[in-house]
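Novice: The chain contents come next:
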Amino acid sequence: MTKKKFNWRTLCIILTFIFLYMPIGVLIFFSFNESDSTAVFSGFSLRWYKELFTDTATLNALKNTLILAVLSSIISTIIGTAAAYGISKMKNKYLKNATMSATQIPMINPEIVTGISMMLLFVFVANVLKISSFNGFWTVLIAHITFNLPYVILLVLPKFKEMDKSLPEAALDLGCTPFQSFFKVELPAIMPGIVAGFIMAFTLSIDDFVISYFTTGSGFETLPIRIYSMTKKRVTPDMYALSTLIFVTILVLLLISNFTSGKNKIELSKKAKKVMKIIGGSVFGMIGITTIVVLCISATTEVKTVNVYNWGEYISDGGYDTIDVNREFEEWAENYYKEKGKKVKVQVNYTTYASNEDLYSKIANGAGGYDIIVPSDYMLEKMQKEGLLQPLDLEKIPNCKFINSQFDGMFLYDNTYKNDSDKIVVEKDNKKTYGIAYTYGIIGIIYNSSQITEEQAPKAYERIESGEAGWELLFGEPIPDKDGKYQYDKDGKMIVDTTYLEELKGQILQFNNPRDAFGAAMYYLDIDVNNPTEDDWKAVYGLLATQKDYVQGYVMDEIYNKMEKGEAWIAAYYAGDCLSMMSESADDVELGFYYPKNKDGKPQTNVFADAMCIPASANQDNLELAHMYINFMLEPEIAYANAEYIYYGCPYDYTNIFDYLVFDENNELVLDENGLPVFDMELYEKNLAYVEVYRENLGEDYDIIYNADFENDLLNPNKLRDMFDKFAYKDLTNSYMEGTDVSNLDMLNESWEQLKVASTSMVGIYVTCLVIALAIVAYIVYVQIKKRKQRRLYWANTPTPKAKPKDEPSPDLSATAVIAIEKAKKRDKDSQK
Amino acid sequence: MNEKKIIEPKGETVATGEENVETKKIVQLKNVAKSFDGEIILDHINLDVYEKEFITLLGPSGCGKTTTLRIIAGFVTPDTGDVLFEDERINDLPPHKRHVNTVFQKYALFPHLNVYENIAFALRLKKVSEEEIYERVEEMLAMVNLRGFEKKDVNLLSGGQQQRVAIARALINKPKVLLLDEPLGALDLKLRKDMQNELKNIQRKTGITFVYVTHDQEEALSMSDTVVVMADGKIQQIGSPTDIYNEPENAFVADFIGESNIIDGVMLDDYKVRFSGHEFVCLDKGFDKNESVDVVVRPEDVDVVPLDKGMLTGIVTSVTFKGVHYEIIVSIKDFKWMIQSTDYVEVGQEIGVYVEPDAIHIMKKSEYSNMFGDYSSFSDELEHLSDANEEEE
Amino acid sequence: MTKKNILKQAAAYPHIVWAIIFIIAPLLFVAYYAFTDKEGVFTLANLGQLAQATYLEVFLRSVCFAFLATVICFVIAYPVAYFISRTSPSAQKILVMLVMLPQWLNFLIRTYSWMAILEDTGIINIILGVLGLNIHMINTPGAVILGMVYNFLPYMIIPIHSAMTKIDPRVLEAASDLGCSPLRVVTKVVFPLSLSGVISGITMVFVPSISTFYISQKLGGGNFDLIGDSIERQFQTQYDYNMGAAMSFVLMLLIIASMAVMNKYSDDEGGMLV
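For the record, the sequence lines run as chains A, B and C. Per the working numbering, the first sequence runs over residues 1 to 833. Per the working numbering, the second sequence runs over residues 1 to 393. Per the working numbering, the third sequence runs over residues 1 to 274.
Since the hints were made in silico from the structure, they are not lab data. Heads up, the beta-carbon is just placed ideally off N, CA and C, and yes, glycines get one too. Just to be clear, a hint being listed does not mean it is correct.
[What the hints assert, rightly or not] A short list of chain A residues far from chain C (calculated; beta carbon distances all over 10 Å):
#1 G43
#2 N60
#3 I153
#4 E331
#5 Y336
#6 D483
#7 D535
#8 E644
[As the list claims (entries may be wrong)] Within a straight-line C-alpha distance of at most 30 Å, the following computed BS3-like cross-link-like pairs (lysine-lysine) qualify:
#9 K165(A) with K8(C)
#10 K789(A) with K365(B)
#11 K340(A) with K385(A)
The following block holds chain A by itself, in its conformation from the complex:
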């Protein structure tokens, strides 16, 4: 065709491909980034490819994904092919239709509905069977088979229909048994459908996130789920590296299969078969070899696995030349057993979650098999009350003496509640520890000092410079009426002075979880977070609703990227993460931090601690190892490695000489010849050296938050307990508004729901939709009318022909035809005139 047209088409296709491949290009580009940012390119390196192969959690997730994909696609191919065979033989129309309809449901239904429906089933069955846990692998496998089945059936069924009906008969005629006939004749004939079904199932299974997300249980993490929890926290470039490798592999495979096949279709299918055979063979081979290797190892040595379920990026994992704590532990524990004369292989199965609520829903939904979890204080309390945790055996955690005395008794509970058919049975005088502090921190405010400048936001700048800034930069200052009461507009939004908000509009980030978002507002308004009144709820809702118009987004760990790149100017977040951001921000972004206080200098924020716990559903055989793991975390080298890595407060104190007293087997003090107690001076000095290095490494910023004596001694390690007593935000379950039976948790959830779903001004979008919808309807109506009009002349007075007529040779040109042609000629002449 003409050149111009050619260019137009190519341009259109090229633009689409740019659109489709742009994110992939970005991803590949940043996989070669030197720094760990997925936003700021600081230089070329292959570091992440190296790190990928040491990231055991990711590799494990990849392995899980592949095993799951292979198993689910094989099983669904077998069941599906058999089903297609059965369906093709079905004579009963109703049965056939019903089966087909049921089969298609998972294809039509949104994934999220399929996911939650299966989740409800598993929860129900677990309740009925009184099983506390389902193994995550089996539930996900069942879910994957379920959504793979329809695709397999729909790809195989047509092959049965296409198949020559006389084919099996011919086979029987030639002496095959029906069994042989199926395997030797029918099966090869439908093979292309089976192969297509298998590939489809495999692809779907590998890519599925939504359904796995809702159905997975404990300890089983697929790659998409891992990516999801990472994108909630932060995607490290090794994930980009992995994606790049996957992408390149698939690209190469496809290109090979495309270019070696040539033009001949038969040849192609042969080649494809060959390729499939090779791939299939190697997959099975690999599975086989892995199984054999695993079996061999397990035959000779005992394998002990400790399943740790922790926050994302909440442990020193060997990145940045740090200690890989989990590997260290494996080594240490193996040595420990060796000394005892046992040959044991120790494995840490480390999976992560993104929020306390994620953790809770996993554990409460009966996901067993976790040996160690790390909930925050309030969640620990809630889980303990619901009987989801088991007390720790402190005898097995000798290092617990190093816990800062401020945390003593913090996770001790007087009572053990058991959630037994709505009756709370109280067991008195049974004090037990349910958690060992892991970290602590506060919520503070991080801001971008290269954006909040005198020019761009003078008022806010001035406020921060004054050192007296608090929550007002994020929320504005409420304008009370004459009686000192808050005022609201008709939508329930609080009326505030928006000077700061206007300056910072669209640059504010807010927590994307109800607890912290409403908590922040409550701290700001000096409301007791643990005991709010109805008016208080109204006030905080109003405050957040007003803020919504000024907020750029509700985020959790996406905040990392946003703050580090200067995408947003100000946000409230957990102090440890704030420090991480400050140390990793882009070159042209300067981040500052302050903790919110009121005009009198009184802190207005939350103090929290996370603690290591053992769930009630933990495997009894792993208890020893779990305790060893916790104890190991309290080793100064390890504890400081973690603290340095994650920037949270280290709740351990190695400087107290009395922690180094030596005891004998009977737990009696060992005395020297002078009758004075003996101290383990060697250990003391060794630990002090660690403390020294640690302090040096952390530098000033850390000190500001965790160690300094600033006004009111916020987070002074020696006054922590006081802070916790004053500011801890407790669990709201079973907390009711005073004088009512309205649960505070319900209030929180409802207010959050209201806030989140509340209208945002999107009139433009609605109008556009309406216009387009009307245009489409108008077009259809127009076409219909036009069609009616066109049919008008012949539709009514033409007989509807009966069944397909036979080919009858027509007689020679009929008389009517001749007349018709004469008429046409005449009219032509007329029209020429």
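For chain A, the structure is supplied; the task is to place chains B and C on it using the hints.
Specialist: This is chains B and C only, laid out in the frame that chain A set:
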């Protein structure tokens, strides 16, 4: 290049039926060449199509006949050369602006439209009033004998009916030229014969120029005013059906049109030719003395006579009963002749052969000499198979 | 014979049992939870709550976003599918492969990397910055719709393209032979004949768009809650299974209703649209 092979058809050969009007060239191809992927499809051909004529492009598959048709329709742009329509160059005119319409090989009806809408399609595009559309569609339906089928889904029609819809759809536009690309190829034999008649009648009545593409020589001979024999991207011969049959230009044409025995011969003098070791009287002249030539003798023009009366003698190698006649293969001087005769002879029998002077046609030697016309490997079955393998272009 | 046939049918029984347990039963659970409260007592309160203005707006918003995403997908995909279908068969194979290739990478990570493109300091704004422009894109409704279009575009292109390849090229030639300009060939012939592909493309884009929850969180900054977000929140953070089930139930009805409308069009294969 092949200029010498082109015979300008004389005005008289363009039979228009009843009327005797001055004939005018409507489509002209001048020196048109086309190749795909380096493969030459059309090798500089020249072709004139006259008004109101029924012209057939005939040739084996791959000879370029369909490409020629598509060049006229506008689906293919020639690499070189000009396409003229009523003396205007239309090389760059897209198909939808040309005054030609096409009946496609497999009809190519619009599956989403019923019979009426299919036929009305072209008129709808021109914004013709509904009343006129109705009238003209009904005319067309009457012409192709499909009245009462208006509402019918075209996918449910039989092959013959689809064929008629396709013709009606193409004709409703009143094109000056109708192109037909093997339109009867998918029909069975009986229906095919009937449709041939019908098509011819339609052409005669409407007076529209038909350019018809087929590989079926019988169809070509029985329907056409002019036959264009094509092979290897070249036009081998243009002429009326009788000319083509009786006076083939070269061995290819002789072989492709009907059965022929093509024997090497030497022209001794005007009206005198020698082949198979015997001197024959013939009606051809104008060759050089002792020029070697191809001699064509049609099987039905050879008489079987007693041995002593034969001009040549040979041994019968096979006899096949064909209904009207026997097909006899006779070996004469190591050359296998085909003879069609009503007399029965025995295999192995020695017979005499007699050839009348007017049964002998002399052709100049060409690139196709010695490629055709020997029945030594003849087999009905093979012939049949090669027909079935005829591929679409 | 019949006995044999019953035996053959039995091959389908494992699947039928599977479908009853893992497809039908779970859906009954959704219905059960939707119509009961926490104590398991029948109630319409959950559905009643959904009838509140705020929830109605969530549904309206989801429908609008999904609708716009579908329309945009169609507008982009149709010409692309058409142009691809007009290239040579070998080129088509490669182009179709290239369309599907991004789908092999997890959609989470692809969506995540869109953030890096759309941000105020992202790639687009860096390029625009050269021209002295800066457009705020992330955390807007447009970004969410873009995310949907990006993720589901191939599901629109592929069915349309495969419907187009099934069109006999001679039918298109016939159309232009009868006087259709290239554009009219598309509107009068190609479109009606590819309508089945369009319908399945629309379904394959609309359904996942209306129920997505990841895209809106990442590219919308949590500002524009869609049904999927609400459902996910009910199950993952608020533990209100009944409410979540009620939402899923309504979502399912919504989709079944829109499918029914679509099927009405596709039944007479373009009867309504052409």
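Novice: For each hint, tell me whether it holds in the structure or not.
Specialist: Tested hints:
Look at G43(A): its CB is around 17 Å from the nearest CB on chain C, clear of 10 Å, so calling it non-interface holds up. The non-interface label for N60(A) is consistent with chain C: the shortest C-beta to C-beta separation is roughly 16 Å, beyond 10 Å. With a least beta-carbon separation of about 7 Å from chain C, I153(A) fails to lie farther than 10 Å from that chain, contradicting its non-interface assignment. With 10 Å as the threshold on Cβ separation, the claim that E331(A) sits away from chain C holds: the shortest Cβ distance comes to roughly 32 Å.
Listed as outside the interface, Y336(A) is consistent with that label: its C-beta sits roughly 38 Å from the nearest C-beta of chain C, beyond the 10 Å cut-off. No beta-carbon of chain C is positioned within 10 Å of the beta-carbon of D483(A); the least distance is around 30 Å. Residue placement check: D535(A) keeps its beta carbon more than 10 Å from all beta carbons of chain C (closest about 21 Å). No Cβ of chain C approaches the Cβ of E644(A) within 10 Å, the least distance being about 27 Å, so the stated non-interface status holds.
Distance restraint check for K165(A) and K8(C): the Cα-Cα separation of roughly 15 Å lies within the 30 Å cut-off, and the hinted pair is therefore satisfied. A hinted pair counts as satisfied when its Cα atoms are at most 30 Å apart, and K789(A) with K365(B) does not qualify at roughly 66 Å. Among the hinted pairs, K340(A) with K385(A) is inconsistent with the structure: their alpha-carbon atoms are about 38 Å apart, more than 30 Å.
Consistency note: the structure conflicts with the earlier hints numbered 3, 10, 11.
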